[in-house]
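**Student:** In case you want the letters, here they are:
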Amino acid sequence: MTAIGKVSLQDTVLQRGRNRERSRLLVFNHTVLLLLTAFAVIPLLVLAFNSVKTNLEIGQNPLGPPVNIVTENFPNAWDKGKFATTMGNSVIYVVATIAAELVFGGLAAYALARKKPPGSDALMLYFLVASTIPLWMYIVPLFVQINALKRLGIDARFLLVMVYVAGNAPLTIFLLRSYMIDLPSELEDAARVDGANEFQVLTRIVIPLTMPGFLTVGLVVGLGVWNEFLLALTFIHDPNQYPVTTSFYKFVDRFDRDWALTSAGAIIIIFPVMVLFLALQRQFINGLAEGGIKT
Amino acid sequence: MAVLTQQKPTTMIEKINDETWRRRFLRNVLVPWIFIAPLLLLHIYVVTIPAVQGIYMSMTDWKGVGQNANFIGLDNYRELFFEDESFGKALGNNIIWMIFFLTVPFILALFAATMLSQIKRGGMLYRSILFIPYVLASVVTITIWKNLLNPQRGIGAALDNMLGLEDAFGIAYLGRSETALMSIAFIDNWHFWGFLMILFLAAMQAIPPVLYDAAKIDGANRWDEFRHVTLPGIRPVVLFMFMMVAIWSFLAFDYIFLSTQGGPGGASEVIATLLYKSAFFRFEAGYGAAMGVIISIFAGFIIMIFVTLRRRGWDI
Numbered sequence: 001m002t003a004i005g006k007v008s009l010q011d012t013v014l015q016r017g018r019n020r021e022r023s024r025l026l027v028f029n030h031t032v033l034l035l036l037t038a039f040a041v042i043p044l045l046v047l048a049f050n051s052v053k054t055n056l057e058i059g060q061n062p063l064g065p066p067v068n069i070v071t072e073n074f075p076n077a078w079d080k081g082k083f084a085t086t087m088g089n090s091v092i093y094v095v096a097t098i099a100a101e102l103v104f105g106g107l108a109a110y111a112l113a114r115k116k117p118p119g120s121d122a123l124m125l126y127f128l129v130a131s132t133i134p135l136w137m138y139i140v141p142l143f144v145q146i147n148a149l150k151r152l153g154i155d156a157r158f159l160l161v162m163v164y165v166a167g168n169a170p171l172t173i174f175l176l177r178s179y180m181i182d183l184p185s186e187l188e189d190a191a192r193v194d195g196a197n198e199f200q201v202l203t204r205i206v207i208p209l210t211m212p213g214f215l216t217v218g219l220v221v222g223l224g225v226w227n228e229f230l231l232a233l234t235f236i237h238d239p240n241q242y243p244v245t246t247s248f249y250k251f252v253d254r255f256d257r258d259w260a261l262t263s264a265g266a267i268i269i270i271f272p273v274m275v276l277f278l279a280l281q282r283q284f285i286n287g288l289a290e291g292g293i294k295t
Numbered sequence: 001m002a003v004l005t006q007q008k009p010t011t012m013i014e015k016i017n018d019e020t021w022r023r024r025f026l027r028n029v030l031v032p033w034i035f036i037a038p039l040l041l042l043h044i045y046v047v048t049i050p051a052v053q054g055i056y057m058s059m060t061d062w063k064g065v066g067q068n069a070n071f072i073g074l075d076n077y078r079e080l081f082f083e084d085e086s087f088g089k090a091l092g093n094n095i096i097w098m099i100f101f102l103t104v105p106f107i108l109a110l111f112a113a114t115m116l117s118q119i120k121r122g123g124m125l126y127r128s129i130l131f132i133p134y135v136l137a138s139v140v141t142i143t144i145w146k147n148l149l150n151p152q153r154g155i156g157a158a159l160d161n162m163l164g165l166e167d168a169f170g171i172a173y174l175g176r177s178e179t180a181l182m183s184i185a186f187i188d189n190w191h192f193w194g195f196l197m198i199l200f201l202a203a204m205q206a207i208p209p210v211l212y213d214a215a216k217i218d219g220a221n222r223w224d225e226f227r228h229v230t231l232p233g234i235r236p237v238v239l240f241m242f243m244m245v246a247i248w249s250f251l252a253f254d255y256i257f258l259s260t261q262g263g264p265g266g267a268s269e270v271i272a273t274l275l276y277k278s279a280f281f282r283f284e285a286g287y288g289a290a291m292g293v294i295i296s297i298f299a300g301f302i303i304m305i306f307v308t309l310r311r312r313g314w315d316i
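Sequences listed follow chains B and V, in order. Sequential numbering from 1 applies to the first sequence in the working numbering. Sequential numbering from 1 applies to the second sequence in the working numbering.
Derived from the structure by calculation, the hints contain no laboratory data. Among these hints, one or two may not hold up.
Facing chain V, from chain B, some residues (calculated, C-beta under 7 angstroms) [to be verified]:
(1) L33
(2) L36
(3) A40
(4) P117
(5) L159
(6) G195
(7) L230
(8) L231
(9) F248
(10) D253
(11) T262
(12) I270
(13) F271
(14) V275
(15) F277
DSBU-like, lysine-lysine: derived pairs with alpha carbons at most 30 angstroms apart [claimed, not checked]:
(16) V:K120 <-> V:K89
(17) B:K82 <-> V:K216
(18) V:K277 <-> B:K250
(19) B:K150 <-> B:K250
(20) V:K63 <-> B:K250
(21) B:K150 <-> B:K82
(22) B:K250 <-> B:K82
(23) B:K150 <-> B:K80
(24) V:K63 <-> V:K216
(25) V:K277 <-> V:K89
(26) B:K80 <-> B:K250
(27) B:K150 <-> V:K63
(28) B:K250 <-> V:K216
(29) V:K216 <-> V:K120
(30) B:K80 <-> V:K216
(31) V:K277 <-> B:K150
From the three backbone atoms N, C-alpha and C, an ideal C-beta is built for every residue, glycine too.
Model the full structure from these sequences, guided by the hints.
**Tutor:** Spelled out as structure tokens, the structure:
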């Protein structure tokens, strides 16, 4: 209405009436949203509360805020849960997977979006069909295959990263390709005229212009790997190579009754994710939404 | 180039042509395929080859160790569908799980997204907070809720205390066969529904506001608006997520394995947990592989239903 630049009398009356109606209704909206917010946040608050209580206090007051704040649960959990090792491992898994995914996915997506060699359509169809194959269809033979490679002396951590990179390949290619396909080809042509080779066109022109796509893939894949449980449980059997998730699983099993300790451990695991999430809210939310729709 | 070759070619031009052809082949075919090769080969090695092997393995009685594997045709499938009661129970639980996840999170997410789309101030804050559970690891979510659902120290006990009751709400939700599956579904939904809400909200924000104004002028109330403007606008996303959630329901594993491992007495068993236990705990690799194939067939079947409906003009 206002886009045309004229505000007629009728429009302003309508607008005013709508505003009044809206503000009355918004009380209902906020009430509902506050209730849902409480539903999302209270479990996390209870976890945070319990991480700074003693077990004695949790016994008397399992849900409320702490009366005496103690901090010793964190160093205790850090030591007993071997977090120094497992956090390091998880960081390795996340960083290695993201790096390999972006390098190989970036190369493949670039070729498919910008060069379209003969066979590209068939390849896209392959990835589309492959992306619907559930993990459960291949996990048992893959286990056998990975074990054979382990016996050849290949590091299990390398193999797990390999599985993560392959599993995320269709998503990465679809997402990065969709970003790259929108680029105007004039820029690349100009670079070529100036004597850039294919690799330079990719690194100097295409990647800088599709950075948001790379960030999205990095966040989606990185969060997925940090939280991943099933594949790590299946392929990593040396406790020194556990990521935080499977190590925490065993940790909770061992200190079943020690709620203060396990709560502190849980806080340690989610802390890096929460910091990153709060810093990059928009990218996280949009990225995961995009990734979810395109898988 | 073509024009040039039609004319009488000198050796010089032929040479240039030959070179440009080679350079073009290099630039348009060879280099692109070299770029694609690493990820493609890795994917074939990790996903496609094992998936094909899985089909063969499902027709053997292989234990997962040793060389003894006999081809037994569809015997594993016969056993699963006609003899193994735990599989029937697990399949039933998967279907209950699917019904739960095709309703509860969808209603919650549609409702919340509608509420959220109508407010201007604070929208981003609500959106972020409601999304937080989705970024938590399954091991953490389960730990939180195991504590909250504990019969002595959880929410139920606190409710009993407040209302002066005894063991009314303070029951072992995860330990009882009547409540185990639904409790896990509740926990998984706590983590999951915010994700759906974000997708729906994004779709709602893409609806042109003019349509709402038009509906207002026509005297539509809020329900009419939702029914005739919002819902048609976000229908593609909702239907797509219906398909995805239906598929995911047959893949469910983490939350069940982490909380009850399918117990008590198979009450919360689903196909994936049964598969995992038979392949990796009980050395029945062939039998487990057969369950994997069945899960995939279900997933393929769901995709087929949606593709067919879309072909018939149901815009998905």
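**Student:** Decide, hint by hint, whether the structure agrees.
**Tutor:** Status of the hints after comparison with the structure:
Interface restraint check: L33 of chain B against chain V, minimum CB-CB distance 5 angstroms, threshold 7 angstroms, status holds. The criterion of a C-beta within 7 angstroms of any C-beta in chain V is met by L36 of chain B, whose closest approach is roughly 6 angstroms, and the hint holds. Annotation: A40 of chain B was flagged as interfacial toward chain V, and the flag holds, the nearest CB pair being 5 angstroms apart, inside 7 angstroms. Hint on P117 of chain B holds. Least Cβ distance to chain V is approximately 4 angstroms, under the 7 angstroms limit.
Because the closest C-beta pair between L159 of chain B and chain V is about 9 angstroms apart, greater than 7 angstroms, the hint is violated. Evaluation of the G195 of chain B hint against chain V yields a violated restraint, the C-beta minimum of about 13 angstroms exceeding 7 angstroms. For L230 of chain B, the shortest C-beta to C-beta distance to chain V is roughly 6 angstroms, which falls under 7 angstroms, so the interface hint holds. Because the closest C-beta pair between L231 of chain B and chain V is about 11 angstroms apart, greater than 7 angstroms, the hint is violated.
For F248 of chain B, the interface hint holds, the least distance from its beta-carbon to any beta-carbon of chain V being 5 angstroms, beneath 7 angstroms. At about 10 angstroms, the closest approach between the beta carbon of D253 of chain B and any beta carbon in chain V exceeds 7 angstroms, and the interface hint on this residue is violated. At its closest, the beta carbon of T262 of chain B sits 6 angstroms from a beta carbon of chain V; the interface hint therefore holds under the 7 angstroms criterion. A least Cβ separation of about 6 angstroms between I270 of chain B and chain V falls short of the 7 angstroms threshold, and the interface hint therefore holds.
Checking F271 of chain B against chain V: minimum C-beta separation of about 11 angstroms lies over 7 angstroms; hint violated. With a least beta-carbon distance of about 11 angstroms to chain V, the hint placing V275 of chain B at the interface is violated under the 7 angstroms criterion. With a cut of 7 angstroms, the hint placing F277 of chain B at the interface with chain V holds, because the nearest CB-to-CB distance is about 5 angstroms. Proximity of K120 of chain V to K89 of chain V is assessed by CA-CA distance (about 48 angstroms); at most 30 angstroms being required, the pair is judged violated.
With a C-alpha separation of about 61 angstroms, the suggested pairing of K82 of chain B with K216 of chain V is violated against the 30 angstroms cut-off. Taking the CA atoms of K277 of chain V and K250 of chain B, the gap is about 17 angstroms. The hint holds against a cut of 30 angstroms. Distance hint between K150 of chain B and K250 of chain B is fulfilled; the C-alpha atoms sit about 23 angstroms from each other, no more than 30 angstroms. Of the pairs offered as hints, the one joining K63 of chain V and K250 of chain B holds, with about 26 angstroms between alpha carbons and a cut-off of 30 angstroms not exceeded.
For the hint pairing K150 of chain B with K82 of chain B, the CA-to-CA distance comes to about 24 angstroms; that is within 30 angstroms, so the pair holds. Note on K250 of chain B and K82 of chain B: the hinted pairing holds, with a Cα-Cα distance of about 11 angstroms set against a maximum of 30 angstroms. At most 30 angstroms may separate the alpha-carbon atoms for a hinted pair to count; K150 of chain B and K80 of chain B meet this at roughly 28 angstroms. For a cut-off of 30 angstroms, the pair hint linking K63 of chain V to K216 of chain V is broken: about 67 angstroms separates their Cα positions.
Note on K277 of chain V and K89 of chain V: the hinted pairing holds, with a Cα-Cα distance of about 15 angstroms set against a maximum of 30 angstroms. Annotation: proposed proximity of K80 of chain B to K250 of chain B holds, straight-line Cα distance about 11 angstroms (limit 30 angstroms). Distance check on the hinted pair: K150 of chain B and K63 of chain V sit about 19 angstroms apart at the alpha-carbon level, within 30 angstroms; holds. Between K250 of chain B and K216 of chain V the alpha-carbon distance is near 58 angstroms, which puts this suggested pair outside the 30 angstroms criterion.
At most 30 angstroms may separate the alpha-carbon atoms for a hinted pair to count; K216 of chain V and K120 of chain V meet this at roughly 19 angstroms. Of the pairs offered as hints, the one joining K80 of chain B and K216 of chain V is violated, with about 62 angstroms between alpha carbons and a cut-off of 30 angstroms exceeded. Pair hint K277 of chain V plus K150 of chain B holds up; C-alpha atoms about 22 angstroms apart against a cutoff of 30 angstroms.
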